[in-house]
Amino acid sequence: MNNNLVLQTDFGLSDGAVSAMYGVAIAVQPDIRIFNLTHDIPKFNIWEGSYRLYQTVPYWPEGTVFVSVVDPGVGSERRSIVAKTAQNQYIVTPDNGTLTHIHDSIGITEVRIIDENVNRLPRSGESYTFHGRDVYAYTGARLASNIITFEEAGPEVPVDSIVQLPKPEPIMNNGVLHGNIDILDIRFGNLWTNIDRSLFKDLSAEYGDSFEVTIEHETRHVYKNIMTFCRTFADIQLGEPLLYVNSLNKIGAAINQGSFAEDYHVKAGASWKVSIRKMLKTQGS
Amino acid sequence: MNNNLVLQTDFGLSDGAVSAMYGVAIAVQPDIRIFNLTHDIPKFNIWEGSYRLYQTVPYWPEGTVFVSVVDPGVGSERRSIVAKTAQNQYIVTPDNGTLTHIHDSIGITEVRIIDENVNRLPRSGESYTFHGRDVYAYTGARLASNIITFEEAGPEVPVDSIVQLPKPEPIMNNGVLHGNIDILDIRFGNLWTNIDRSLFKDLSAEYGDSFEVTIEHETRHVYKNIMTFCRTFADIQLGEPLLYVNSLNKIGAAINQGSFAEDYHVKAGASWKVSIRKMLKTQGS
Amino acid sequence: MNNNLVLQTDFGLSDGAVSAMYGVAIAVQPDIRIFNLTHDIPKFNIWEGSYRLYQTVPYWPEGTVFVSVVDPGVGSERRSIVAKTAQNQYIVTPDNGTLTHIHDSIGITEVRIIDENVNRLPRSGESYTFHGRDVYAYTGARLASNIITFEEAGPEVPVDSIVQLPKPEPIMNNGVLHGNIDILDIRFGNLWTNIDRSLFKDLSAEYGDSFEVTIEHETRHVYKNIMTFCRTFADIQLGEPLLYVNSLNKIGAAINQGSFAEDYHVKAGASWKVSIRKMLKTQGS
Chain A
1 MNNNLVLQTD FGLSDGAVSA MYGVAIAVQP DIRIFNLTHD IPKFNIWEGS YRLYQTVPYW
61 PEGTVFVSVV DPGVGSERRS IVAKTAQNQY IVTPDNGTLT HIHDSIGITE VRIIDENVNR
121 LPRSGESYTF HGRDVYAYTG ARLASNIITF EEAGPEVPVD SIVQLPKPEP IMNNGVLHGN
181 IDILDIRFGN LWTNIDRSLF KDLSAEYGDS FEVTIEHETR HVYKNIMTFC RTFADIQLGE
241 PLLYVNSLNK IGAAINQGSF AEDYHVKAGA SWKVSIRKML KTQGS
Chain B
1 MNNNLVLQTD FGLSDGAVSA MYGVAIAVQP DIRIFNLTHD IPKFNIWEGS YRLYQTVPYW
61 PEGTVFVSVV DPGVGSERRS IVAKTAQNQY IVTPDNGTLT HIHDSIGITE VRIIDENVNR
121 LPRSGESYTF HGRDVYAYTG ARLASNIITF EEAGPEVPVD SIVQLPKPEP IMNNGVLHGN
181 IDILDIRFGN LWTNIDRSLF KDLSAEYGDS FEVTIEHETR HVYKNIMTFC RTFADIQLGE
241 PLLYVNSLNK IGAAINQGSF AEDYHVKAGA SWKVSIRKML KTQGS
Chain C
1 MNNNLVLQTD FGLSDGAVSA MYGVAIAVQP DIRIFNLTHD IPKFNIWEGS YRLYQTVPYW
61 PEGTVFVSVV DPGVGSERRS IVAKTAQNQY IVTPDNGTLT HIHDSIGITE VRIIDENVNR
121 LPRSGESYTF HGRDVYAYTG ARLASNIITF EEAGPEVPVD SIVQLPKPEP IMNNGVLHGN
181 IDILDIRFGN LWTNIDRSLF KDLSAEYGDS FEVTIEHETR HVYKNIMTFC RTFADIQLGE
241 PLLYVNSLNK IGAAINQGSF AEDYHVKAGA SWKVSIRKML KTQGS
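Chains as they are written, first to last, in my numbering: chain A, 1 to 285; chain B, 1 to 285; chain C, 1 to 285.
FYI, nobody ran anything at the bench for these hints, they're computed from the structure. Among the hints, a few may not be true.
Just so you know, same-sequence chains aren't split out, so a pair can sit in one copy or run between any two.
[To be verified] Capping the alpha-carbon separation at 25 Å, the derived lysine to aspartate or glutamate pairs in DMTMM-like fashion look like this:
id : residue 1 : residue 2
1  : 43        : 235
2  : 84        : 202
3  : 281       : 95
4  : 43        : 240
5  : 167       : 240
Being a predicted model, the structure only gives us computed values, none of them experimental.
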């Protein structure tokens with residue numbers, strides 16, 4: 001491992017919980033390097049935790065160890081695992097679906113169950129409520145700093161045994177692309193769909209083309225309008241809607257310097273459906 | 001010292017104040033390692049600053065230097081001090097009560113007043129408003145990186161001379177435990193009482209037992225209900241209230257995947273009283 | 001360079017964007033040291049990004065590399081540049097006004113345009129929307145860790161060619177100081193004016209003196225009251241207004257342990273005007 005430990009939780013940074021995790025890791029290995037992915041995952045939102053790993057892990061070098069603790073089932077029989085990605089990063093996490101996107105995109109090659117008899121902060125006592133600090137940060141730090149090997153985390157289990165969240169796939173049907181809003185680009189209010197650039201290109205999409213975009217939530221029409229496919233936000237007027245390729249090579253929908261999510265009260269998830277149809281060009285135009 | 005500097009303030013992270021503290025520390029010693037406890041202490045809330053140190057300091061190794069700046073009396077005659085804990089961590093702070101919990105739990109063995117004639121950023125000029133950067137970060141960094149010794153911080157004063165906030169102790173009275181809500185587990189809305197696990201066990205508490213829990217604020221009844229003592233949140237239905245042992249070995253009160261604090265408008269402090277009484281088991285049940 | 005990279009953005013920390021920047025930088029150079037200035041610049045607010053650099057950069061040592069990405073014109077023809085300050089710090093940023101305050105205070109001695117043909121994350125593909133990660137973090141990391149020299153960033157351009165925001169200067173007129181509210185001390189609600197301590201002293205200001213302070217926004221009178229010039233907040237009663245010298249040696253206006261900005265709905269910018277006039281002392285008092 002490369003001595004880098006990257007932490008993600010839904011704990012927030014307003015109390016001492018994350019700092020206690022840092023302290024535990026540094027007590028394990030004084031020279032360890034610790035970084036934050038984010039600690040602002042909405043509480044108990046495993047899907048978003050999974051997505052943020054997908055958004056981030058590929059940019060970190062081989063041998064980086066991630067700890068992700070979004071854990072509504074803490075204390076239940078859910079397993080604690082360490083997964084190895086196809087790019088040789090490692091993720092320490094409760095086995096509750098956090099690896100859904102990574103498994104599907106980068107790939108997971110090996111999974112081990114954490115043996116908490118040995119991989120647990122000594123004298124951490126009877127508190128069963130703070131696995132983030134006493135098991136995950138402690139084990140992640142020992143793994144990142146090569147105090148234990150991946151094998152010493154615990155016994156191997158089949159990759160296919162890990163919990164996976166339902167993850168709808170986009171489809172093309174009669175020239176209409178059907179997908180869903182996977183997640184929000186929170187700060188800017190942009191919508192990130194699950195539609196890959198390459199699938200979108202099957203619509204013969206070129207920059208400057210117009211598309212009819214429909215957003216539905218359950219039985220409700222939320223949005224229907226014509227949007228331009230732009231290379232960059234600067235290609236369109238302030239306040240105008242656009243389709244674009246986001247930093248993950250998916251199709252995003254935005255309002256230039258506005259907030260699509262706020263203006264139209266759009267949220268993200270499998271129940272937020274998006275359809276995209278290319279507008280025919282008027283002859284001679 | 002171990003070259004680790006951990007910062008806590010009520011400055012927030014939205015402006016440049018904390019980054020200026022980092023810059024000052026790195027200018028002192030390029031290799032220093034700097035970490036955040038939190039910078040989200042509610043402004044001027046010394047009690048919460050004191051509690052977050054208590055929650056965190058014990059997890060950091062010996063020789064770690066903490067800087068805590070929650071300082072409503074900046075510029076007044078309040079002293080600037082460095083305290084040494086019984087576990088050989090050091091805390092640089094205004095002497096205004098920030099050490100209340102650490103003094104009472106880990107223990108403080110020695111206190112020195114910062115001599116600002118020597119321990120102050122050179123050329124920091126006439127600004128008397130930014131001690132956090134010019135005195136505390138600067139002195140903390142010099143101490144953490146062994147540029148000055150603890151003794152060189154300034155003259156020793158009696159440990160008992162430091163300011164302490166009133167800190168009520170829980171008591172058992174006729175089989176009823178009386179304590180208070182010390183602090184909130186902010187993100188999750190759980191209540192953390194000042195009642196130790198060991199005192200609670202004097203109620204002959206076993207997992208699965210039921211307790212009548214009453215919360216009062218000044219003359220007002222805020223909450224009265226039966227709660228189950230659970231080993232983990234997963235032992236109870238979603239939305240149900242429970243008592244549990246928190247990560248500090250205190251009794252916490254929570255709603256499984258809900259927010260107790262929000263649902264019942266509970267805050268924390270000496271004026272938020274909690275009483276716990278064990279329910280008798282029905283014969284033969 | 002000194003291997004320190006300091007990041008500022010308007011991305012927030014709630015998703016994976018900043019962590020991806022960290023990952024890119026660490027993949028460039030495993031030993032690089034990365035710090036945050038802030039990621040909470042209000043979205044697209046170049047002025048505030050410029051101000052936070054001014055507030056922070058001078059406290060960091062020579063050879064520090066800053067990356068500042070507040071970029072409403074991403075993808076437009078705006079240039080990507082690296083600027084060298086008169087104190088030998090470096091700032092990697094879109095050329096959109098972010099350097100206004102630094103240019104005016106510390107000074108900028110040399111500017112180079114980033115040659116994105118060589119200074120861009122390999123395989124970063126067709127996404128034109130995430131320059132922060134693929135160009136700025138990547139180039140900043142390579143510069144900070146001496147993989148490229150400043151000269152290798154790209155061709156030099158005249159310092160005077162960079163974009164500058166309008167920046168009103170305070171003036172003294174008939175014994176009245178006219179300035180504006182440059183920015184808010186967000187967390188505490190204090191107002192930071194653009195009036196230097198030295199200019200203020202031209203009013204023969206002494207601690208304890210009284211001043212009539214008027215705040216106007218466009219055609220509206222927002223505030224008019226007598227305020228005391230205090231050495232520190234502790235010199236005045238709780239809830240009372242005061243003038244003071246802030247951590248940047250500018251005149252600030254505050255309410256002791258209150259929030260001036262919230263109480264009087266004051267915001268910051270060139271359109272928020274402040275006037276200060278010294279009250280005459282009553283004879284014999």
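Do the hints match the structure? See the list:
1. In this assembly of identical chains, residue 43 and residue 235 lie within 25 Å of each other by CA distance solely across copies; the values are 19 Å between and 37 Å within a copy.
2. For the homomeric pair residue 84 and residue 202, neither the shortest alpha-carbon distance inside one copy (34 Å) nor that between copies (46 Å) is at most 25 Å.
3. Taking the shortest alpha-carbon separations for residue 281 and residue 95, neither the intra-copy value of 50 Å nor the inter-copy value of 37 Å comes in at or below 25 Å.
4. Taking identical chains as interchangeable, the C-alpha atoms of residue 43 and residue 240 lie at most 25 Å apart only when they sit on different chains, with a minimum of 17 Å there against 33 Å within one chain.
5. Within a single copy, residue 167 and residue 240 get their C-alpha atoms no closer than 30 Å, and across copies no closer than 30 Å, so neither meets the 25 Å cut-off.
The earlier numbered hints that this structure contradicts are 2, 3 and 5.
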